[in-house]
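K.L.:
Using the sequences and the accompanying hints, generate a full structural model.
Protein chains: 2
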Amino acid sequence: MNIPRSSYPRIVIIGGGFGGISLAQKLSKKEVQVVLLDKNNYHTFQPLLYQVSTGGLEPDSIAYPLRKVLIGYDNFFFRLAEVNEILAEKKVLNTSIGQVSYDYLVVATGSETNFFGNKELEKNAMAMKSIPQSLNLRSLILENFEQALLTDDYHERDALMNFVIVGGGPTGVELAGALAEIKKGILPKDYPDLDTRRAQINLVQGGDRLLDAMSDNASEKSENFLEKLGVQVWKNTRVTGYNGKTVTTKTDLTFETATLVWAAGVMGATIKGLDAKELLAGGNRLNVNQFNQVEGYPEIFAIGDIACMESKDYPRGHPMMAQPAIQQGKHLGENLVRLVDGKSLKPFSYRDKGSMATVGRNKAVVDLKKIKFQGVFAWFVWMFVHLFFLIGFRNRVVVFVNWVYNYVRFDREARLIIRPFKRNYSQFKD
Amino acid sequence: MNIPRSSYPRIVIIGGGFGGISLAQKLSKKEVQVVLLDKNNYHTFQPLLYQVSTGGLEPDSIAYPLRKVLIGYDNFFFRLAEVNEILAEKKVLNTSIGQVSYDYLVVATGSETNFFGNKELEKNAMAMKSIPQSLNLRSLILENFEQALLTDDYHERDALMNFVIVGGGPTGVELAGALAEIKKGILPKDYPDLDTRRAQINLVQGGDRLLDAMSDNASEKSENFLEKLGVQVWKNTRVTGYNGKTVTTKTDLTFETATLVWAAGVMGATIKGLDAKELLAGGNRLNVNQFNQVEGYPEIFAIGDIACMESKDYPRGHPMMAQPAIQQGKHLGENLVRLVDGKSLKPFSYRDKGSMATVGRNKAVVDLKKIKFQGVFAWFVWMFVHLFFLIGFRNRVVVFVNWVYNYVRFDREARLIIRPFKRNYSQFKD
Numbered sequence: 005m006n007i008p009r010s011s012y013p014r015i016v017i018i019g020g021g022f023g024g025i026s027l028a029q030k031l032s033k034k035e036v037q038v039v040l041l042d043k044n045n046y047h048t049f050q051p052l053l054y055q056v057s058t059g060g061l062e063p064d065s066i067a068y069p070l071r072k073v074l075i076g077y078d079n080f081f082f083r084l085a086e087v088n089e090i091l092a093e094k095k096v097l098n099t100s101i102g103q104v105s106y107d108y109l110v111v112a113t114g115s116e117t118n119f120f121g122n123k124e125l126e127k128n129a130m131a132m133k134s135i136p137q138s139l140n141l142r143s144l145i146l147e148n149f150e151q152a153l154l155t156d157d158y159h160e161r162d163a164l165m166n167f168v169i170v171g172g173g174p175t176g177v178e179l180a181g182a183l184a185e186i187k188k189g190i191l192p193k194d195y196p197d198l199d200t201r202r203a204q205i206n207l208v209q210g211g212d213r214l215l216d217a218m219s220d221n222a223s224e225k226s227e228n229f230l231e232k233l234g235v236q237v238w239k240n241t242r243v244t245g246y247n248g249k250t251v252t253t254k255t256d257l258t259f260e261t262a263t264l265v266w267a268a269g270v271m272g273a274t275i276k277g278l279d280a281k282e283l284l285a286g287g288n289r290l291n292v293n294q295f296n297q298v299e300g301y302p303e304i305f306a307i308g309d310i311a312c313m314e315s316k317d318y319p320r321g322h323p324m325m326a327q328p329a330i331q332q333g334k335h336l337g338e339n340l341v342r343l344v345d346g347k348s349l350k351p352f353s354y355r356d357k358g359s360m361a362t363v364g365r366n367k368a369v370v371d372l373k374k375i376k377f378q379g380v381f382a383w384f385v386w387m388f389v390h391l392f393f394l395i396g397f398r399n400r401v402v403v404f405v406n407w408v409y410n411y412v413r414f415d416r417e418a419r420l421i422i423r424p425f426k427r428n429y430s431q432f433k434d
Numbered sequence: 005m006n007i008p009r010s011s012y013p014r015i016v017i018i019g020g021g022f023g024g025i026s027l028a029q030k031l032s033k034k035e036v037q038v039v040l041l042d043k044n045n046y047h048t049f050q051p052l053l054y055q056v057s058t059g060g061l062e063p064d065s066i067a068y069p070l071r072k073v074l075i076g077y078d079n080f081f082f083r084l085a086e087v088n089e090i091l092a093e094k095k096v097l098n099t100s101i102g103q104v105s106y107d108y109l110v111v112a113t114g115s116e117t118n119f120f121g122n123k124e125l126e127k128n129a130m131a132m133k134s135i136p137q138s139l140n141l142r143s144l145i146l147e148n149f150e151q152a153l154l155t156d157d158y159h160e161r162d163a164l165m166n167f168v169i170v171g172g173g174p175t176g177v178e179l180a181g182a183l184a185e186i187k188k189g190i191l192p193k194d195y196p197d198l199d200t201r202r203a204q205i206n207l208v209q210g211g212d213r214l215l216d217a218m219s220d221n222a223s224e225k226s227e228n229f230l231e232k233l234g235v236q237v238w239k240n241t242r243v244t245g246y247n248g249k250t251v252t253t254k255t256d257l258t259f260e261t262a263t264l265v266w267a268a269g270v271m272g273a274t275i276k277g278l279d280a281k282e283l284l285a286g287g288n289r290l291n292v293n294q295f296n297q298v299e300g301y302p303e304i305f306a307i308g309d310i311a312c313m314e315s316k317d318y319p320r321g322h323p324m325m326a327q328p329a330i331q332q333g334k335h336l337g338e339n340l341v342r343l344v345d346g347k348s349l350k351p352f353s354y355r356d357k358g359s360m361a362t363v364g365r366n367k368a369v370v371d372l373k374k375i376k377f378q379g380v381f382a383w384f385v386w387m388f389v390h391l392f393f394l395i396g397f398r399n400r401v402v403v404f405v406n407w408v409y410n411y412v413r414f415d416r417e418a419r420l421i422i423r424p425f426k427r428n429y430s431q432f433k434d
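Protein chains in written order, with the numbering used here: chain A, 5 to 434; chain B, 5 to 434.
To be clear, the hints were calculated from the coordinates, so they are not data collected in a lab. No experiment lies behind these values; they were computed from the predicted model shown. The reader is advised that the hints may include incorrect statements.
No copy labels: a pair is met if it fits in one copy or bridges any two.
[To be verified] In the DMTMM-like style, the derived pairs of lysine to aspartate or glutamate whose C-alpha atoms are separated by at most 25 Å in a straight line are:
#, residue 1, residue 2
1, K43, D78
2, K350, E303
3, K72, D194
4, K72, D199
P.N.:
Right, here's the structure in full:
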């Protein structure tokens with residue numbers, strides 16, 4: 005691997021998510037060499053993926069080229085590579101483009117969809133953790149309606165227009181809300197020759213409330229908002245399987261659907277090589293100390309979703325969201341500079357800035373430390389915060405333009421099947 | 005096929021390009037039923053595809069949902085379908101979604117890339133006639149540079165950074181200019197560890213001048229612009245083959261390259277079923293009379309690229325560009341209403357509004373009827389005209405925002421490999 009060695013220590017970062025790029029930016033122009041590896045050449049702004057799936061935003065406006073992250077800093081090297089294994093004793097990574105050596109390693113690989121070992125679900129459900137996955141879902145949603153137009157079979161048509169979303173966290177709630185708005189505002193105009201009133205959006209939650217990481221206020225209000233939009237919310241319901249046609253649950257309840265979206269769990273995206281047995285905390289996350297150091301590996305750090313830092317306030321680690329990743333990335337950046345300078349590390353402490361979710365037009369819920377609010381103002385706060393954290397000035401402007409357009413026109417123009425998703429529809433014909 | 009029959013005559017339009025949608029819009033709220041068939045659910049603004057390939061624009065902003073074309077007009081039906089055959093005697097189409105009957109049929113299928121029967125070229129060259137093709141090219145261009153970073157082989161690296169564009173029409177000229185600007189403005193910043201000065205852009209033209217449908221002024225000036233940008237222009241050079249590695253020409257000249265873009269010819273996208281032997285004029289186009297009626301078929305019309313209407317000024321048919329398609333679509337719309345009303349048809353006459361091409365920043369050439377000009381003003385005219393003809397208000401704003409950003413920042417942020425294009429690079433390792 006021809007990355008030139010400099011006299012500075014080399015810090016290799018695996019993953020260009022919120023954690024990885026926050027860290028990289030902190031290291032710019034410091035006396036270190038920064039090598040960023042990612043399997044994509046872009047950063048994905050995951051909180052808005054559901055808007056790509058529902059035609060509200062173009063994919064390119066929530067992506068940002070990773071080569072631009074430290075543009076102009078000549079001791080920064082990006083490589084498009086998948087990391088297969090960490091050889092900690094040799095301080096080397098095995099990657100899809102050969103071996104890469106490091107002085108310090110930061111694992112910032114984020115998380116991936118957790119199907120809890122259910123192979124059938126993994127095969128038939130749609131996930132929404134990456135841009136290609138979101139585009140597949142966008143295609144499938146639109147294809148279902150095109151297909152519904154063609155069939156004379158009543159049951160098949162209903163199954164094609166039935167959307168089952170499993171998981172009542174922010175992703176599930178936001179996607180369900182967006183689909184409900186499409187049903188109301190776009191389907192009747194786009195498909196005048198289809199009885200789109202029969203379209204259904206079902207949101208299935210295992211626990212007894214939605215948004216269970218947020219306040220009771222937020223849970224109740226979001227459920228209330230969803231019901232107003234016509235979403236059917238099923239709480240205390242565990243999905244057990246989906247054969248591409250029928251969703252089964254722990255009870256008698258079943259759904260006939262062409263589309264199951266799985267937003268019911270994530271787990272750390274681990275890499276082979278670390279002594280996983282002792283280190284993997286719940287949810288496949290790497291146990292780290294208060295300096296984000298992976299226990300047992302003084303040169304290896306982990307930040308963001310993949311890292312599990314136990315603390316008094318967060319005995320099971322910080323929530324797997326953007327904020328802990330950003331804060332850990334920045335903090336570790338400062339700590340790594342200290343480490344290189346021979347100074348002692350400072351412990352990380354998380355500043356909870358609150359959390360929020362949007363259900364639809366003028367409908368959002370916001371929990372801040374001291375105040376919790378819901379409705380129109382919350383919705384504006386949600387938009388402002390998302391624009392603020394979106395990477396790239398151009399992206400912000402394009403997203404803003406789209407939101408204004410969508411708001412004023414009650415529209416979502418990116419309802420394009422640019423690459424069809426190949427679903428075998430024949431299974432609905434009994 | 006369950007498209008409800010109305011008491012109005014049914015006009016089926018195959019293809020939602022410039023011609024098809026101009027026609028459909030003219031038929032809105034007239035006493036006809038309009039059925040639009042297309043293999044995609046969106047209109048593609050083809051003149052800007054090269055900007056998608058070169059990361060200047062997102063794909064979604066040059067696409068427009070076809071269901072929106074006649075939104076609110078309840079005798080309009082869109083179906084996502086590929087038409088396989090015209091059964092003219094029965095007035096029926098065989099399509100991928102079953103049979104569709106018509107009273108009047110309008111073939112507006114446009115054109116496709118013409119490899120002139122060279123299977124090797126067809127297999128190995130990149131075309132740029134659709135959004136997925138343009139995205140494949142975007143991925144490949146970026147992948148080539150990522151790959152160039154990894155190799156120690158001098159020849160392989162040069163081949164990866166060598167771009168050969170065949171065809172000196174507007175598409176070839178515009179793509180070559182955009183790549184030259186990327187070489188100058190983006191590559192040195194994105195790939196500081198690669199000697200991107202060795203990147204080459206070769207534009208190969210069979211004839212003795214570029215933009216041969218335009219004035220001599222435009223040809224000379226565009227060549228001049230390209231040379232200033234560092235593009236190597238090869239005139240009077242016919243490409244004979246490309247095995248994925250070496251481009252051969254009629255002379256001794258060869259190019260070693262990982263990327264050949266074929267922009268050297270288009271031909272009508274014909275459909276089986278019409279008596280093709282007598283009807284296909286040069287370039288696979290359907291011969292039509294001055295009412296756009298396909299000769300021998302009183303109920304079948306053709307407009308745009310697929311139609312060849314011979315006239316005194318255009319003995320070989322109108323140029324295969326947006327303007328004739330738009331004008332024929334509008335004109336045929338009026339004629340079909342006349343036909344339904346039992347009135348006589350009016351002959352079509354083409355108003356040449358001129359033609360233009362852009363080479364790069366502040367560099368374009370414009371031929372109007374009375375005046376021909378080149379340079380900065382031409383470039384602004386080019387942008388204004390393209391924004392004007394782009395379908396959709398949101399698209400115009402998003403494209404405008406991107407252009408302003410790209411202009412001010414000398415940047416192209418959509419350099420994203422969202423779906424990798426699978427090129428077999430091992431062939432470059434001898």
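K.L.:
Taking the hints in turn, state whether each one holds.
P.N.:
Comparing the hints with the structure gives:
1. Taking CA atoms no more than 25 Å apart as the test, K43 paired with D78 passes inside one copy only; the shortest distance there is 22 Å, against 47 Å between copies.
2. Taking the shortest Cα distances, K350 and E303 sit within 25 Å of each other inside one copy (16 Å), while across copies they are farther apart (81 Å).
3. Taking identical chains as interchangeable, the C-alpha atoms of K72 and D194 lie at most 25 Å apart only when they sit on different chains, with a minimum of 7 Å there against 39 Å within one chain.
4. For the identical chains of this complex, K72 and D199 are inter-copy neighbours only, at 18 Å across copies versus 47 Å inside a copy, given an alpha-carbon limit of 25 Å.
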